[in-house]
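Model the placement of chain S on the given structure of chain X, informed by the hints.
Protein chains: 2
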Amino acid sequence: MLTASVCTIGDEILIGQIVDTNSAYIASKLNTIGVKVNHMQSIADDESEIISSLRLAVSKTDIVIVTGGLGPTKDDITKKAIMKMAGSNSLICNDRQLNVIEEICKKRGIELSDLNREQAWVPDNCQVLVNKSGTAPGMMFEIDGCLLFSLPGVPYEMQFLMDGVIEGILEHRKPESIFHKSIITFGIPESSLAKQIEEWENNLPAGVKLAYLPSPLTGVKLRLSMYGSAIENQEKVANELFAALKPVLGNAIYGEGDDTLEKVISAYLNEENSTLSAAESCTGGKISSMLTINEGASRVFTGGVIAYDNRVKVDLLGVPEEIIIKHGAVSEECAAAMAEGVRKILGTTYGIATSGIAGPGGGSEEKPVGTLCIAVSGPGFTRSKRVRLSGDRARNIDRFSSETLNFLRLCLNIELPL
Amino acid sequence: MLTASVCTIGDEILIGQIVDTNSAYIASKLNTIGVKVNHMQSIADDESEIISSLRLAVSKTDIVIVTGGLGPTKDDITKKAIMKMAGSNSLICNDRQLNVIEEICKKRGIELSDLNREQAWVPDNCQVLVNKSGTAPGMMFEIDGCLLFSLPGVPYEMQFLMDGVIEGILEHRKPESIFHKSIITFGIPESSLAKQIEEWENNLPAGVKLAYLPSPLTGVKLRLSMYGSAIENQEKVANELFAALKPVLGNAIYGEGDDTLEKVISAYLNEENSTLSAAESCTGGKISSMLTINEGASRVFTGGVIAYDNRVKVDLLGVPEEIIIKHGAVSEECAAAMAEGVRKILGTTYGIATSGIAGPGGGSEEKPVGTLCIAVSGPGFTRSKRVRLSGDRARNIDRFSSETLNFLRLCLNIELPL
Numbered sequence: 314m315l316t317a318s319v320c321t322i323g324d325e326i327l328i329g330q331i332v333d334t335n336s337a338y339i340a341s342k343l344n345t346i347g348v349k350v351n352h353m354q355s356i357a358d359d360e361s362e363i364i365s366s367l368r369l370a371v372s373k374t375d376i377v378i379v380t381g382g383l384g385p386t387k388d389d390i391t392k393k394a395i396m397k398m399a400g401s402n403s404l405i406c407n408d409r410q411l412n413v414i415e416e417i418c419k420k421r422g423i424e425l426s427d428l429n430r431e432q433a434w435v436p437d438n439c440q441v442l443v444n445k446s447g448t449a450p451g452m453m454f455e456i457d458g459c460l461l462f463s464l465p466g467v468p469y470e471m472q473f474l475m476d477g478v479i480e481g482i483l484e485h486r487k488p489e490s491i492f493h494k495s496i497i498t499f500g501i502p503e504s505s506l507a508k509q510i511e512e513w514e515n516n517l518p519a520g521v522k523l524a525y526l527p528s529p530l531t532g533v534k535l536r537l538s539m540y541g542s543a544i545e546n547q548e549k550v551a552n553e554l555f556a557a558l559k560p561v562l563g564n565a566i567y568g569e570g571d572d573t574l575e576k577v578i579s580a581y582l583n584e585e586n587s588t589l590s591a592a593e594s595c596t597g598g599k600i601s602s603m604l605t606i607n608e609g610a611s612r613v614f615t616g617g618v619i620a621y622d623n624r625v626k627v628d629l630l631g632v633p634e635e636i637i638i639k640h641g642a643v644s645e646e647c648a649a650a651m652a653e654g655v656r657k658i659l660g661t662t663y664g665i666a667t668s669g670i671a672g673p674g675g676g677s678e679e680k681p682v683g684t685l686c687i688a689v690s691g692p693g694f695t696r697s698k699r700v701r702l703s704g705d706r707a708r709n710i711d712r713f714s715s716e717t718l719n720f721l722r723l724c725l726n727i728e729l730p731l
Numbered sequence: 314m315l316t317a318s319v320c321t322i323g324d325e326i327l328i329g330q331i332v333d334t335n336s337a338y339i340a341s342k343l344n345t346i347g348v349k350v351n352h353m354q355s356i357a358d359d360e361s362e363i364i365s366s367l368r369l370a371v372s373k374t375d376i377v378i379v380t381g382g383l384g385p386t387k388d389d390i391t392k393k394a395i396m397k398m399a400g401s402n403s404l405i406c407n408d409r410q411l412n413v414i415e416e417i418c419k420k421r422g423i424e425l426s427d428l429n430r431e432q433a434w435v436p437d438n439c440q441v442l443v444n445k446s447g448t449a450p451g452m453m454f455e456i457d458g459c460l461l462f463s464l465p466g467v468p469y470e471m472q473f474l475m476d477g478v479i480e481g482i483l484e485h486r487k488p489e490s491i492f493h494k495s496i497i498t499f500g501i502p503e504s505s506l507a508k509q510i511e512e513w514e515n516n517l518p519a520g521v522k523l524a525y526l527p528s529p530l531t532g533v534k535l536r537l538s539m540y541g542s543a544i545e546n547q548e549k550v551a552n553e554l555f556a557a558l559k560p561v562l563g564n565a566i567y568g569e570g571d572d573t574l575e576k577v578i579s580a581y582l583n584e585e586n587s588t589l590s591a592a593e594s595c596t597g598g599k600i601s602s603m604l605t606i607n608e609g610a611s612r613v614f615t616g617g618v619i620a621y622d623n624r625v626k627v628d629l630l631g632v633p634e635e636i637i638i639k640h641g642a643v644s645e646e647c648a649a650a651m652a653e654g655v656r657k658i659l660g661t662t663y664g665i666a667t668s669g670i671a672g673p674g675g676g677s678e679e680k681p682v683g684t685l686c687i688a689v690s691g692p693g694f695t696r697s698k699r700v701r702l703s704g705d706r707a708r709n710i711d712r713f714s715s716e717t718l719n720f721l722r723l724c725l726n727i728e729l730p731l
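From first to last, the protein sequence lines stand for chains X and S.
Each residue of the first sequence is one higher than the last, beginning at 314 in the working numbering.
Each residue of the second sequence is one higher than the last, beginning at 314 in the working numbering.
It is worth saying that the hints were derived from the structure and are not from the lab.
One or more hints might be untrue.
Derived DSS-like pairs (lysine-lysine); straight-line CA-CA distance at most 25 Å [stated by the list, open to error]:
{"id": "1", "chain 1": "S", "residue 1": "Lys-639", "chain 2": "X", "residue 2": "Lys-680"}
{"id": "2", "chain 1": "S", "residue 1": "Lys-419", "chain 2": "X", "residue 2": "Lys-508"}
{"id": "3", "chain 1": "S", "residue 1": "Lys-419", "chain 2": "X", "residue 2": "Lys-698"}
Same shape as in the complex, but just chain X:
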């Protein structure tokens, strides 16, 4: 199986000024085409650091993909460093890249400067990967049997070369395959989940690896990975293994791959031709925001009311004032009235509601920070419940939101058939 390492170059990464998203993009792409990424690293704009780190990478993996440091300014020194590593002594002008540079300058109305022109000059022993989406060309070197690719750090230029050029080069080398398949659960904490599926996990066939990927917004993802060709019919094997989990985990399993609670709910409502509205107090718009981040949300999500102040709960949502006086705004009764209210005023099939204490202030002995009351109202029913979570304000808001969506999911009996 071909192995790779990914190196991103730039001081802005090492001082934490930017989050490196290139590495994940490259890794995901390599994975899909069957190259295993063994190592990722970020290196400063320092020639000796670049050379020593890349030498080590070249000695350890079949492929090294480098991004960054190819720009026209002084702090971009990757080309010079790799040139030394690859034993090249002279630069030659690449006419195809020069054409691209001329066109780009013309389009942008900039005069072609020496700095721009220099970008078309490449080490004499590299294969040029023409970059049609920017001025700096990609370069491919063979060093001691390792393929080293140097790409620009601008994400869409890097993506253009990964998708359009490098994918083709690597697929030609026919690497072995990697197979991944995931299912997603909600409602069982990671440690309990591990205990519940312990026997299943211990009996996984050799060559099948399990990973737990927890997230406050989506729940715990379980991923099976199979490397190489030791296992035939990988899809079938994964499906059978997951099917065996169904009796153990039941309706906690709600999706697969990139599914999220809001995606499976939206898909279900769309299928059913139903609509949804939300009355949010403590979640302050987070649930609506999660529901509308997906395209096509307008087909199922009619809208909502952020009832942050109690007056809004009463005046706009029609929550009876007595409920707030008797039970408080953070109560199952208030959440139920909010869900019924938003469902009624927006005329939707279902209404959901949240009322809770995200913190850090506002808690009491009876209702500490982390207390959440949620409700779902639909044709002929309203259900509500109280949960207790713990975390800081931002995390509480995230977990409050996913708990509410999960409660809706369970009320709608949405689960993954396996």
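Relative to chain X, chain S alone:
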């Protein structure tokens, strides 16, 4: 100057399933307290890989910060690997972490399992950094003169230990100082900003470094950094330099440090004893969510209406149907009526509104994807405007939200006095 390297552990990073945001957070924090990050790497859940990579890191820098692989499940092997590295042969139970674990399980209503309990067992030669926000403790080792910290990979748990514990430990070791000071601007794209302040930047004193930190939600931050003690009165020098920018950038400068648009707006409204409501169409709750993520939001943010469907705009917000027929829902007129409507029905001092096309569908020649109409209504005035942005759906929603908050900021004349 103390040097550090950052290692994140987990197969999910190397297959590109998640973007590693921990490294940037850690690097930024270390930078602020005066530690220089020389190297970052991501390593698979593989014992020999972890050991060899960490050995190299320990030999090269004064501090190594490791995250990930401390969970309760089988794929979490960091503790075992570091134990071998650090020459520990036995685990001991840390009672303080065990207490935290017991409390968390109790709060969540989970029975304490062996897996949970195991998390409190740590190598006998480490110093435990009690993790109050999760079950896995942080650990500190001294290996060949290097301080190695092992932290959980869950971002908020890692952040809790970085901010609350490690920062204190490292500041105690008195590294050389790095001084940073930032101001934040909104409304001028990074490249134009760079052009406008070119002369100022070229004349910065030796030893003062400028960085541009653009973000779709907050605008472009300008950060001045001074390393070591070459410059005296760093605070004063930075203040004078920033003051010289005021005549150039004017009211585009709205904050400093960790300010955000929503923070400066909330502080202003709180001071003024005013309240705010939001009517969101295309932003789907994002603005309300941004306003309520900060503590104390309830003092100024009364609530809002997510008017995703046009019926909600008409029925709930009272937008005249003729406006939608004549100008369309995405129009300055509709946004103005929405802002006035939400201000009226929630009885707030100010009302803001958004209506636009986030994409990818829904665009037309006259109103392409990226078109946004926004409005602010207050005592005796309503102002609206149209802007054109470009990006994918998620980025458009972010930029739509910050454009709207910035419009409100300008209507309220909020700027940073320098």
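Could you work out which of the previously given hints the structure breaks and list their numbers from low to high?
1
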